[in-house]
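Residue numbers (the UniProt record's numbering), protein chains in the order written: chain A, 1 to 698; chain B, 1 to 698.
Mixed in with the good hints, there may be bad ones.
Said to hold, decoys possible - Straight-line Cα separation of at most 27 Å, DSSO-like style, residue types lysine-lysine; simulated pairs: (1) A/Lys342 with B/Lys533; (2) A/Lys355 with B/Lys273; (3) A/Lys331 with B/Lys533; (4) B/Lys55 with A/Lys331; (5) A/Lys284 with B/Lys120; (6) B/Lys331 with A/Lys55; (7) A/Lys331 with B/Lys120; (8) B/Lys55 with A/Lys55; (9) A/Lys379 with A/Lys412; (10) A/Lys493 with A/Lys597; (11) B/Lys273 with A/Lys533; (12) B/Lys551 with A/Lys165; (13) B/Lys342 with A/Lys533; (14) B/Lys60 with A/Lys533; (15) B/Lys284 with A/Lys120.
To be verified - To list a few chain B residues with every Cβ distance to chain A over 10 Å, as calculated: (16) Asn28; (17) Asp96; (18) Glu238; (19) Phe262; (20) Pro278; (21) Arg525; (22) Gly549; (23) Glu630.
Note that these hints are calculated values from the structure, not bench results. These numbers were taken from a predicted model, which means no experiment stands behind them. Where is the CB? At the ideal position from N, CA and C, for every residue including glycine.
There are 2 protein chains.
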Amino acid sequence: MSDITALVSKLSGLGFNDTPVEHAPVENVEQWAEALSTVSGLPAEYTLTKTLIFKPKQPKSEAMAPVVVIAKHDSATNSKAIGNELKLKELRFANDDVLTDMFQTAKGSVSPFALANVSKENIANVRVVVDKALLNDSTGNIAFHPLTSSHTVFVSAATLQSFLKAVEGLTHVTEMDFAADAETATVAKAEKKPSAAAAAAAASDEVAGVSKGGIDVSKDVDFPRWYQQVLTRSDMLEYYDVSGCYIVRPLAYFVWQQIQEFFDAGIRSLGVKNCYFPMFVSSKVLEREKDHIEGFAPEVAWVTRAGSTELAEPIAIRPTSETVMYPYFAKWIRSHRDLPLKINQWCSVVRWEFKNPQPFLRTREFLWQEGHCAYLTEKEAMVEVYDVLTLYRRIYEELLAVPVIEGVKSDKEKFAGGVATTTVEGFIAATGRGIQDSGADRPKLHVHQTSWGLSTRTIGVMVMTHGDDQGLVMPPRVAETQVIIVPCGLTAKHSEEDRRVVSDACLNVEARLRAVGVRAESDLREHYTPGQKFNHWEVRGVPIRVEIGPKDLEKHSVMTARRDTFVKAPVALEGLESSIQLLLVTIQNDMLVKARKTFDDRVKIVLEWNEFVPVLNSKCLALIPWCEREVCEDQIKTRSSRDSLGDEPEDEKAPSMGAKSLCLPSKQPTNPPIVHGETKCIQCGENAKRYALFGRSY
Amino acid sequence: MSDITALVSKLSGLGFNDTPVEHAPVENVEQWAEALSTVSGLPAEYTLTKTLIFKPKQPKSEAMAPVVVIAKHDSATNSKAIGNELKLKELRFANDDVLTDMFQTAKGSVSPFALANVSKENIANVRVVVDKALLNDSTGNIAFHPLTSSHTVFVSAATLQSFLKAVEGLTHVTEMDFAADAETATVAKAEKKPSAAAAAAAASDEVAGVSKGGIDVSKDVDFPRWYQQVLTRSDMLEYYDVSGCYIVRPLAYFVWQQIQEFFDAGIRSLGVKNCYFPMFVSSKVLEREKDHIEGFAPEVAWVTRAGSTELAEPIAIRPTSETVMYPYFAKWIRSHRDLPLKINQWCSVVRWEFKNPQPFLRTREFLWQEGHCAYLTEKEAMVEVYDVLTLYRRIYEELLAVPVIEGVKSDKEKFAGGVATTTVEGFIAATGRGIQDSGADRPKLHVHQTSWGLSTRTIGVMVMTHGDDQGLVMPPRVAETQVIIVPCGLTAKHSEEDRRVVSDACLNVEARLRAVGVRAESDLREHYTPGQKFNHWEVRGVPIRVEIGPKDLEKHSVMTARRDTFVKAPVALEGLESSIQLLLVTIQNDMLVKARKTFDDRVKIVLEWNEFVPVLNSKCLALIPWCEREVCEDQIKTRSSRDSLGDEPEDEKAPSMGAKSLCLPSKQPTNPPIVHGETKCIQCGENAKRYALFGRSY
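Pulled out of the complex, with its shape left as it was, chain A reads as follows:
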């Protein structure tokens, strides 16, 4: 809130003398007009606006050149027309990263003032388009949200222009004459609200500058943008001002705590104990296990300074803890009597990747558990690795309702120095790419060391697997709120007493459900319609909505709506607890069954090389008879990327990558079976050993 004060002083420096007006937060132009109508002391006439940020299609080598459009709220800001005017190709709405990283703002807060936040090196690339209708504005009061949608400032066209001139380094400012597609562009205060036509036009426009509660892009049409919207609008995640880092909000952290609870109990029964090793690693220790650390070296973050003191030796932040822990293992294991040694830690690790970050799936800091154990024999070590793999499979399947395939990694893909790397392989149907979590055994001089890790990427996989165009779909077992209870069916004709009866019934149902361990909540907020509440909880993926109205109560029942299927059904108040519990179990099972069907449909047995790339290109994984030779895997990678060159990647950021082996599944196909000495590898023609699962992967 104190940012507003900072802004005020910043604005006065730029010649703005009025302080921002505070009002109810708004989500669209209609609400904005309405909110302003309740505030006293406003100008008699003012003009509402929208600020949009676009991104053109550009070669990766070029610095990004975003386009900021400042327009009247009802101007027809056609992205093709703007692109033509600026000679830029394929303008699309910029994603949240751009808003956060470059403009230090976020959806719902975008305004011309965000230009002042752009760094000197970036501002030269920014193009600004100003609507001539604003420059010709006759009200003298152009309205912008200064920082949040709960505040408004009013400025004159002249002030707007002087502000744009005052932004240091900003050179590309273009004026455009948008054909207004509504009758009036000025909202006179006397009218109280803009015309219905203007409001409808604004609502149908995909306005990046106005925060929206719902999801406005389809999962099938623009998957990356859908994923971002689902995460942020469900309040699972917030973008952060250090690139590649994200805030894990309570809704997502709850999922992580459910995973922790399940896994912690599981490994405790295996005799694994929790501990905590420091996050810092001396360079000497980090470099001790060169082989192991090689892959991480370019991604290690180094602390070189404390306060204003340069450290004598830079200190690394752990990318993983093998090198941190093993010297102490050597100390603690003085004879076979000290074996097995089994420890685990819950912590965050840092891998400063320069590739495009993606929430949960590729982040510079992430939460995980890492288990590290030492055994006397390979047999014991492998038993443990498979026990842990089973826990991982159960987390995916039983908690997150995400099907996986168990197996081992090929020689090329296994961990450095390991005898065996086991894996559970998931699959994102929307992109056709695989995703994995693994455990491995590494034999050492006298002991067999195992390590295994599972991270918050599981949450990303869950969202991608189940989410739909309405938002998140949460599996009941990990949903913070399993049942949301909404009072319905109350109209102006109902009395206060009627309302009270319905509220009490909601609270009563909530209490009954909570008493049997169901995480139920009532949404008794005023000033929101049932429809707004439905949307609110749909975006957040709550598995069951219970609607209670006077008519339901007359019938001694409530109405239930499933989030996963949208199926509605009445449920009797009598025995409600067990009905709801059963429904939660049913939803959990149905979600897994549905996801498994999608998975199974996308895993194709491929017996001819010709079919291999087309199968991948149809966003499927391929199960092929394979020779298991590393050289052959390299060839497959090369041939599948070359062969697919004509192919359109599924999102701008994905390279047209070749396929790699995901795993050698424990459960092998039997139709046709591999006949040793007869079945050939489909790529090289050598004898095939087993079926291997190949695909593109995260």
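Since the structure of chain A is already known, use the hints to place chain B on it.
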């Protein structure tokens, strides 16, 4: 284990040709001789040794000059004599930090080879004393533990000397003739073991070079060293090669998880939700709340490089998360409808202190929870702060059996920008110093923000409060093992069947106790005597030992021994579960009662300034009628440090510090009461407002 291989190649470079011999790990010279007697292919004669590291008393401004003594195992290495020889004052055994930081070794692993690990800048300050008896050694085989006590190398006197010459930069090497206080210094292999006299002499010597299971220093005599020994020998904590960082081992992490479980349930019922914010903070955000961050600035760790890429802007690691979170609070709180906002996170934070680190109490990275909430009104905020304070008090008192005093901080001591800082004040009787955890309310423009944190320092306080000269004393509620069951009373005359009956009885008792939720474990290890097992679990502080022998079984009972009081009592097998559960509750209560008595005895009501400093010097806290003025607090600090100048600080590292106010206790003394307008502040004579607790503090 692979370190041994590295060592072998290092040693061969120095002219050592034999590889180390591996044997059972040993804890003293008697075991060493015995272990070697079982290894074949050894030299016919060899000499056992000890390597000791001392530290003289020096001005803080001087570089530390440790003394490494290499001697025959039974030479009388009198520290006074060595000090006289080297003209150094008050030699004491170096603590674990020195072993870890300077010599990169640890107790049980110290040998002359550790000299090769000392950095160039430090080696010039190291003084080495070599026992002439070794230089005159006639066996040609002087035995050292190369890295761990499970390995031995044999070198000649000439090789030892050439090694010392080969250590680059080592200039101070002195020969000394220790009067051997045992008959023979050479262990002939034919003898199988050294003479009893030699073994006894070695055992009574405090040998830093030999790892010991028990605690060999008294809590009253050398508290800092006692604290280190208890932590490391109980396996709670391991020293780490980055100074100021420590490994929290399972025994200690279990305590933390118990605290987490209790506190998490507590704050959940207050409506607080868990989340996770990134550990990285941009410099811009860090500096935004200048007031708040000022105190932390010199301790902030900065990441400036990733892999080999210099970052454009250095990025800080959070020292706390207020500055990280508040910009997002401003975004999420768009109107009063979004209040209260209550979040908490479990994470680690980094404060790169340059003061002397101390495990759990002052570490550069530590685990904690930090709660940050925003409320519409001060009243709501303060209710929450007190609710959380109650949870903190309950963690200290109910879980850790550590008494505390609740109160508020004085204006001088409260958090920057806060209206009120509440606190629970603990007290370390052994040092007479206070220790605190706090919560605070900070009013902002439109909201009241609260923050509150509790860290792993709680574990250090628990250890300091309850530990004794036998080691850790764990409060039952947080003890990973609450009951250890040890088979006893079996002698050579007992049959295998007798042994089996006793083992089965142990396992049966274990199973019965576990069935009712008691964390019981049987210690059925062979090759250890009951006495060794008793020591093992005593050091680790297990609250109840259950001894089961043939005679106990005849009487249908078991013998119990309490760790806190050492009281032994038989308990009937019938109804054992409830007897043990009751005993655990009794121990938990008794520990708190005992600690509270110590606490109360040490909190003195002081009504005359003359008594103030003497009370502090007798390791007490003082409750004084006080005016509550900041200027007076400054005067108290000055006068109490100046007045106490003649005073010996309780450990070398503690400055002779002045007293500060710890809190204004919620529960005020009533005898005598403060009479407003009459009772005067004992320092300045102004009117006293309340009693305030003053003391020296961690």
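Of all the hints numbered above, which does this structure not satisfy? Sort the numbers upward.
2, 8, 10, 12, 14, 18, 20 and 21
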